[in-house]
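Asker: As you go down the protein sequences, you meet chains A and B in turn. The first sequence: position 154 = 442 (the working numbering), numbered continuously. The second sequence: position 590 = 593 (the working numbering), numbered continuously.
Don't read these hints as lab results, they were simulated from the structure. None of these values were measured; they are calculated from a predicted model. Treat each hint with caution, since some may be false.
Derived DSS-like pairs: lysine-lysine, alpha-carbon spacing no greater than 30 Å straight-line [claimed, not checked]:
(1) A:Lys335 x B:Lys283
(2) B:Lys598 x B:Lys610
(3) B:Lys398 x B:Lys283
(4) B:Lys157 x B:Lys190
(5) B:Lys431 x B:Lys398
(6) B:Lys423 x B:Lys394
(7) B:Lys590 x B:Lys574
(8) B:Lys23 x B:Lys316
(9) B:Lys610 x B:Lys503
(10) B:Lys458 x B:Lys549
(11) B:Lys590 x A:Lys362
(12) B:Lys594 x B:Lys9
(13) A:Lys362 x B:Lys598
(14) B:Lys179 x B:Lys316
(15) B:Lys598 x A:Lys399
(16) B:Lys9 x A:Lys399
(17) A:Lys292 x A:Lys335
(18) B:Lys283 x A:Lys362
Taking CB as the label site, the calculated pair distances span [said to hold, decoys possible]:
(19) A:Leu449 x B:Ser302: 50 to 60 Å
(20) A:Asp318 x B:Leu30: 47 to 57 Å
(21) A:Leu449 x B:Asp70: 28 to 38 Å
(22) A:Arg315 x B:Ser111: 25 to 35 Å
Cβ atoms here follow ideal geometry from the backbone N, Cα and C, with glycine treated the same way.
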Amino acid sequence: MMKKFIHACSSFLFKRNKFRRYLRDRRLCDTTFVALDLELTSLDADKSQITSMGYVVGRAGRIALSSSGYHIIKTNGDLGQSPVIHGLTQDILAQGEDIAEALTAISSLFKENILLFHNARLDLMALNSAFKQCQLPQIEIMYIDTLQLALYQLNKQHQVLPSNSATLTVCRQRLDLPAFPAHNALDDALATIQLFFAQLNELGITQGDGLETLLHTKAVGRYQLG
Amino acid sequence: MTAMAKQVEDFLDTSAPFDKLDSEQKLQLVKHADLIYVTADNVGELHQGAPSLFLIQSGQFSVQDSDAPLRHLSEGDYFGYSSIMEKRPFPLTVSVDSPGLVYCFDASVIEPLFNDTAIRNFFDGLRNNALQNHAISDTNSMWLYKGLSGVIEKSPVSVEENTSISAAAQLMTEQKVSSLLVTKEDKLIGIVTDRDLRSRVVAKSLDTALSVDHIMTSNPAQIMGNRTLFDALALMTERNIHHLPVIDHQSLVPLGMVTASDIIRHQRGNVLFIIGELSKAENLYELTRLSWQLPHYFSAHAKKAGDYDIAGKILSQATDIMTRKLIGFFQQDNGKAPMMFSWLVYGSQAREDQTMGSDQDNGLLLANRPTESQADYFAAMAEYVCNGLAKCGIKLCDGNIMASNPKLRLSLDEAVEEAKQWVNAPTKDAIMHFNIFLDVRCAAGDVSLFKQLQKRRAPLMQQNMFLAALARHSNEISVPLSMFQKFIYEKAKNDKRKEKDVIDLKTRAVALINNIARIYALADGILLPNTLARLDALSSSSQLSKRDAANLRDIWLFLNRLRWRHQLENKVTDNRVSVSMLSSIEKHQLKAAFKAIDRTNQAMVMKFSGGVS
Chain A
289 MMKKFIHACS SFLFKRNKFR RYLRDRRLCD TTFVALDLEL TSLDADKSQI TSMGYVVGRA
349 GRIALSSSGY HIIKTNGDLG QSPVIHGLTQ DILAQGEDIA EALTAISSLF KENILLFHNA
409 RLDLMALNSA FKQCQLPQIE IMYIDTLQLA LYQLNKQHQV LPSNSATLTV CRQRLDLPAF
469 PAHNALDDAL ATIQLFFAQL NELGITQGDG LETLLHTKAV GRYQLG
Chain B
4 MTAMAKQVED FLDTSAPFDK LDSEQKLQLV KHADLIYVTA DNVGELHQGA PSLFLIQSGQ
64 FSVQDSDAPL RHLSEGDYFG YSSIMEKRPF PLTVSVDSPG LVYCFDASVI EPLFNDTAIR
124 NFFDGLRNNA LQNHAISDTN SMWLYKGLSG VIEKSPVSVE ENTSISAAAQ LMTEQKVSSL
184 LVTKEDKLIG IVTDRDLRSR VVAKSLDTAL SVDHIMTSNP AQIMGNRTLF DALALMTERN
244 IHHLPVIDHQ SLVPLGMVTA SDIIRHQRGN VLFIIGELSK AENLYELTRL SWQLPHYFSA
304 HAKKAGDYDI AGKILSQATD IMTRKLIGFF QQDNGKAPMM FSWLVYGSQA REDQTMGSDQ
364 DNGLLLANRP TESQADYFAA MAEYVCNGLA KCGIKLCDGN IMASNPKLRL SLDEAVEEAK
424 QWVNAPTKDA IMHFNIFLDV RCAAGDVSLF KQLQKRRAPL MQQNMFLAAL ARHSNEISVP
484 LSMFQKFIYE KAKNDKRKEK DVIDLKTRAV ALINNIARIY ALADGILLPN TLARLDALSS
544 SSQLSKRDAA NLRDIWLFLN RLRWRHQLEN KVTDNRVSVS MLSSIEKHQL KAAFKAIDRT
604 NQAMVMKFSG GVS
């Protein structure tokens, strides 16, 4: 029993060190980031379905607009409030792609690259359950959560955070980024990657630095999909 | 698969000249575009890859991208176009003053777009740092200067010369026309009118089976299609005719007919019409009733840029007519004036750039110092005219620059003496006070008296010290652009209206051009008050170059259009134009206009005050 526990602990520590070493060796300018945003039918990760996915690829502050992508997913379930918010109606969704195909298409971007989310938790859980449902091969991803980066910065300035102070729109305003039409997966992804580059600048992190410099913000993580 | 994010499309839609591209072209553009978040750390990214055109979406940068000096750029500005247009690489230096997003379009996708004239002109304009002039070229579109080819609505109703009179009359009835063109081998040889049918056929019981050439007017007056409505009107008045054939100026084939009723129709739909009506008013009641229609008339009929160009002039002329009418009404009741006088107008009315919100600025010039009873007469007249103008909708002047103010009823000698005082002590406060009097025109009364005043005053005002003081005063106002060429907006006047993006075009820009034109004109001894006329009249020895003068003229017209459109569309009388309501190209033009005004103003201060400011 004890042995098992020690083994688990050392295995955990070993893995964590390996992750840390990996991040230290990797400089920002050599890292490609993929901002990914999912629009879901509900905020309850167990029940929600993915209705659309948008992604944008960038490196060293440069976002290649030609590499951006947008997938509408064939969805049959209850859409709830979703059509109102995302503008995707049942008709549009019925003509969408199969979820498994779309996930397979974008999962090639997951290897080697680091994913960016604004509020990673919800999107990762939705991705995870979609991976399981489609019985896709397991994959470990690395991600950075721009919401966590924003909270890290905000916590340095405030004792108590004002409500709504970490939404994508508000975070962007704080860093003088232009207004954008929210609630479309592609626009949110583009907005997120811009926010990330602006946050790096705010934190004083340069392209020559290793990814390790981001660890203390608690915004960097790994996640097992599938 | 490339998808275009809405925010990218939205931004392109507000960025001249790309706002004019169709969605397929925009998608092509985006496929070859990167968006870079440029910081001091990664600014080197701008040099990566092929030559590019850069467009700033946010942030502030100091850029040198050609032989031109360093520019401070921000949202909506382009750089890197010189390399692409001249097809030779210029070194690009960019320093980041505040980080932000920069679009980076590959030269390979931009070059084909330059074949589009509008796009090419846009970047040519940026490169020459001049205001795009193409919008200004239609200045003459006021109705009288409309091309005839645009006026003719119907295709010509014509017959060959051997057609019978009865067949011709039937055709005229069918087509509901009162005149008919007679042709031979498609060339015009004659004209037949209703009147000809009456006097040459019916009255003489002529056989209607005869051919029309028996009754037509041969070799009728005619006009080429490339002439204007004004030319047609002149010719018709001269010949006392109501039908004028219009022919193509190259093929000589008839294009149609202009009739007297066509001209009346075009005239009615025009702002000039109101002037004729005003001058027919026979009493104060009629005058005020007609005057109150002026704003409606402008909003109903001033549609084109060319109308805005003359709107100020028309309003000033209308005010002149009101003034003359009112003086006439006063004299009907109180007898002739006891001595010669000139009714002087100042400021915008003198310059003929009045807008709806302009108040009255006027004064009286008397031949001699009046006796007490004479003074009473002029006091009563001034009171009557100023109040009459107010009833006609020309506001009383807050600053009391009105003939009803005894200080503004000076004799000729007193007026010259006053000018001497201005010149001898051009302090800041004094200039503030008398600047308005430097734009002056005689609107009623005796012009020769006013001319004497001008003749005696002109040499005084050409003195260097005086001009230097005026130039320094002009330097106190600056164009509403920040160091990074961003618009500086007015502070909100009241909380009721949202005013976060307004600029007062009159005080921030038009007034500056007026100042510049005034000072160069005074130096040149030009007595005209109108800004455009002053710029036009500057002699070759003037220190303002022809090119700068022409540029200022275009800018003045452009600003004038913006503020007239603002007043008519929003039914307001101020000049506080909202920048967000302007089209993308207008924003660019406005920025370019401000820069040009600033440059010319600085140059003027250097020339006249030796750079001491």
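Asker: Now tell me if each hint is right for this structure.
Answerer: Hint-by-hint comparison with the structure:
1. Simply put, Lys335 (chain A) and Lys283 (chain B) have alpha-carbon atoms about 81 Å apart, too far for the 30 Å limit, and the pair is violated.
2. As the CA atoms of Lys598 (chain B) and Lys610 (chain B) are separated by approximately 18 Å, the hinted pair is consistent with the 30 Å bound.
3. With a CA separation close to 23 Å, the supplied pair Lys398 (chain B) and Lys283 (chain B) stays within the 30 Å bound.
4. In summary, the hint linking Lys157 (chain B) to Lys190 (chain B) is supported, as the alpha carbons are separated by about 18 Å, within the 30 Å threshold.
5. Our distance criterion of 30 Å between C-alpha atoms is met by Lys431 (chain B) and Lys398 (chain B), whose separation comes to about 27 Å.
6. Our distance criterion of 30 Å between C-alpha atoms is broken by Lys423 (chain B) and Lys394 (chain B), whose separation comes to about 36 Å.
7. Note on Lys590 (chain B) and Lys574 (chain B): the hinted pairing holds, with a Cα-Cα distance of about 22 Å set against a maximum of 30 Å.
8. Distance hint between Lys23 (chain B) and Lys316 (chain B) is unfulfilled; the C-alpha atoms sit about 34 Å from each other, more than 30 Å.
9. The suggested pairing of Lys610 (chain B) with Lys503 (chain B) is violated, with an alpha-carbon distance near 36 Å, which exceeds 30 Å.
10. With a C-alpha separation of about 26 Å, the suggested pair Lys458 (chain B) and Lys549 (chain B) falls inside the 30 Å cut-off, and the hint holds.
11. Proposed proximity of Lys590 (chain B) and Lys362 (chain A) is contradicted: the alpha carbons are some 44 Å apart, above 30 Å.
12. For the hint linking Lys594 (chain B) to Lys9 (chain B), the alpha-carbon distance of about 27 Å falls within 30 Å, and the restraint holds.
13. As the CA atoms of Lys362 (chain A) and Lys598 (chain B) are separated by approximately 54 Å, the hinted pair breaks the 30 Å bound.
14. Taking the CA atoms of Lys179 (chain B) and Lys316 (chain B), the gap is about 39 Å. The hint is violated against a cut of 30 Å.
15. The straight-line distance between the Cα atoms of Lys598 (chain B) and Lys399 (chain A) is roughly 51 Å, outside the 30 Å bound, and the hint therefore fails.
16. A distance of roughly 28 Å separates the Cα atoms of Lys9 (chain B) and Lys399 (chain A); the hinted pair therefore holds under the 30 Å criterion.
17. For the given pair, Lys292 (chain A) sits about 36 Å from Lys335 (chain A) by alpha-carbon distance, which is inconsistent with the 30 Å threshold.
18. Taking the CA atoms of Lys283 (chain B) and Lys362 (chain A), the gap is near 75 Å; set against the 30 Å cutoff, the hint is violated.
19. Here the CB-CB span from Leu449 (chain A) to Ser302 (chain B) is close to 52 Å, well matched to the stated 50 to 60 Å.
20. At about 31 Å, the CB distance of Asp318 (chain A) to Leu30 (chain B) disagrees with the hint of 47 to 57 Å.
21. Checked against the hint of 28 to 38 Å, the C-beta distance between Leu449 (chain A) and Asp70 (chain B) comes to roughly 52 Å, which is inconsistent with it.
22. The hinted range of 25 to 35 Å is satisfied by Arg315 (chain A) and Ser111 (chain B), whose Cβ atoms lie roughly 30 Å apart.
The structure does not agree with the numbered hints 1, 6, 8, 9, 11, 13, 14, 15, 17, 18, 20, 21 stated previously, though it agrees with the rest.
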